[in-house]
Structure formats: structure tokens, C-alpha cells
Amino acid sequence: MDAAVSEKIKKLLRRELRYTSTNLAFNMMISKMQKKLDADPAAMDDCMKEMEMFLGKYPIVAKVDLANIAAL
Amino acid sequence: MLKTLEETISLIEEGRILHIAADESLLEKLPKGKWIGGTTPYFMSEDGGIFTKEKLFVNEIDMAEEIRTAVYGKYNVFQIVEECYDNGLTMMIMPYGSEVAVKYAKEAPDVEELLMHPVAGWISGFDLDTESVAKAYDGLTGQSYTDKAVVMYIRLPEGKSAMVNMINIFTDDKTDPVIRFLDNDLSVTKCTVNGQEVNFAEYIKKKNIDTRMPLVADHNGSYINTSIKEVLEEKVDFYAPVFKNIDYRFAVNVKDYAEEFGRRIGEAGAKNPVVSCNCILNYQFGDLNGKKIPPYVGPVTFGEVAYQLLNQTLVYFEILG
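Residue numbers (the numbering used here), protein chains in the order written: chain A, 1 to 72; chain B, 1 to 321.
If you're looking for bench data, these hints aren't it; they were derived computationally from the structure.
A couple of the hints might just be wrong.
Claimed, not checked - DSSO-like cross-link-like pairs, simulated, lysine-lysine; straight-line CA separation at most 30 Å:
1. A:K36 - B:K174
2. A:K36 - B:K29
3. A:K36 - B:K106
Construct the entire structure; sequences and hints are all you get.
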């Protein structure tokens, strides 16, 4: 994943940016990772690994989401 | 679309891969074949919402490269995460009130990797004017179950992928009080409202809340509903569990369900939903009998599954790529 996009996803997970996908699973995933970070702010690396794995499972939709996130 | 018994039997005998919803009296007459099914006599058809025990709602899963079916109970239902195809879709049907449905409802949001694989499905039901029982059917074996989840694993061709989505006509008003619950449960006594502990049943009565409106939780812009089953003297029962550490609000009142669905469907932009299901509570409270919400036709269900159990929602999947 592109470093700039990766940084923006971290901001999404820290609730410093807001992005809603058309993919329900992606929104659920973001919400789940946000709660994980609320409970343990040091879990960012784990959250990002999980997020990369998730995006790899939905390549067609992820392409659109990642382009939208890059443009935030 | 709605088919006669004879038409459905022909499709099964031709070896088609099918998802079938119908009254028990019809499902019991189907031969073995590549299908899974569940009971309900309520449907959203091309001609509008309809109650019928004369026809079956049949979807052909013609994009499948391969399928397998499986049956799970409450102790092993989350094996779906390991047993699904890597590039595929998992379709599941669970009977209303079954232990497996309760287990799934309570625990799915916390299951590792559940979101990594598309899962869509529904809770089977029955004619509300009778004492019938909800069932799920595994067409490959010809067995029906009142206490098991029946799953069809669908392998998709390379370059194709399934997207499971929902259309929810409910949203919240961010100025309304935030309700939080102390545990993951289908029945609660206490909750906090803006941080203050109260008896939830008393709160609903005192505020004269219309409990046909679900509780909604904002999951990064996707609203997940929890519908209220009954407000008793001291406690409140739900159709799906509430979860601790989640902010809930009561949904803003929806006056015309069909009109609101029309608006949301326009926003969703799905063109070719392969299978969709809509909640019996929308059908009842929104008086959808005779009303159309194209292109979303399918069974009217007693709960919907889009990864986790949902309420008062329309769930569908489409194939992309």
C-alpha cells in the first residue's frame, strides 16, 4: 500500500479523517479497528496489518476506496 | 422470481444452482438437487409485496463455478470462516429462534476474519397467523432443520468478486441522547442514557418512544439496526443483540417506507442484485404488501445476515468484475 494512503488510513482509524465506503464490510472494518484502537492505542500496527489483509480480499472495491482515500 | 412448484422442480432437475424461499408445504415437495432454502410465505415480488403459499421465490446462482453445502449448529457455525472458498460467497439460512441463530447474532461481530469473506443470508420464518416452525433446507441431502444453519459455499470465477451490502431506511439524529448497554445481550434491564444509568423499559415508556423504530448504531456511516421485540415491565427484549461499547440512538421516524426505500435504492446504485431479502418488520410496519421496491425482489425474512445479523434492513449481494 502506498505510504501516503497508509497514513490516511491511520488517520481514519484515529478518527482524524472521515470516509464512508459503499462497501458495508469496509465500513464495519473501519469501525471495528477504531474500537480496537480506542481500547489499545498501541495496536495501530496490528490494525494496519488486518486492514491490508482485508483490502487484499476485496481487490475490485478496494481499488475505488483506496483512490478515494488518497484524494482526501 | 416467483415460480410455481412445477417450474421450480424443473429447474432443480436441470441441475441449476438455486436459492429458494417458500412456505414449508412447498419446500417439502422439492426433489434433491443443488439448492438451499428457507421457510417464509412473505415476499417482495416484481409486482410488489405479497403473501403466498402457492409459489416459491427462486434465484438462480448461475455465476458459480462450484458449490458445496454444509450444515452447522451453535458449536461450529463459525467454521464458515475456515471452510469458505477463498474467492467466493457464503450464503446462509438459519431458522428463527434457533440456538444457532442466537449464537451467530451474539458472537459474529467479534469473530476474527469474518469480514474477510462475503457472507449473506437470512433468518427463515413462518406465517405469523399460524403456529408454524421456521426451517432451513439443504437440497443436496434433502434434509430440513429447525435448529441448524444451512450454508451454501459458492466459488466464483477468477476476476469476479461478491459484494454484500444493505439498504437501511433508518438513520439517527446526532442531537438525540446516546444509549449504551452494559453487555452483549438480547434482553436488557439497564442502560445508560448520556452516561446516566436508567431502566431501559421505564425510559422508553416515559419518553413515549415508538418502538417500531429500531435502535441504530453508526458504523462508520453504515447504520446497523437493533429492533425491539417487546417492552416488558422491567426489561426490554430485542430481535438481535445490543452490544456493549457501542453508541445507540433511536432511529428517526420513517413515515413512508416504500418512498424511503426508493430514495435509498437510488443512492445505493446496485444494478443487478443476485439475491436480496427484506425484513418482515419493514413489510409489516411499512405496509409493503402490494408495494414495489425494484430491483430488490426476494423473500421477506425474520432477520438478515450481512456478515453479522441485522434487523429491519434489506440485504443483497451482487457480483462485481
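Tested hints:
With a C-alpha separation of about 23 Å, the suggested pair K36 (chain A) and K174 (chain B) falls inside the 30 Å cut-off, and the hint holds. Note on K36 (chain A) and K29 (chain B): the hinted pairing is violated, with a Cα-Cα distance of about 49 Å set against a maximum of 30 Å. A hinted pair counts as satisfied when its Cα atoms are at most 30 Å apart, and K36 (chain A) with K106 (chain B) qualifies at roughly 18 Å.
Checked against the numbered hints given earlier, the structure breaks only hint 2 and satisfies all the rest.
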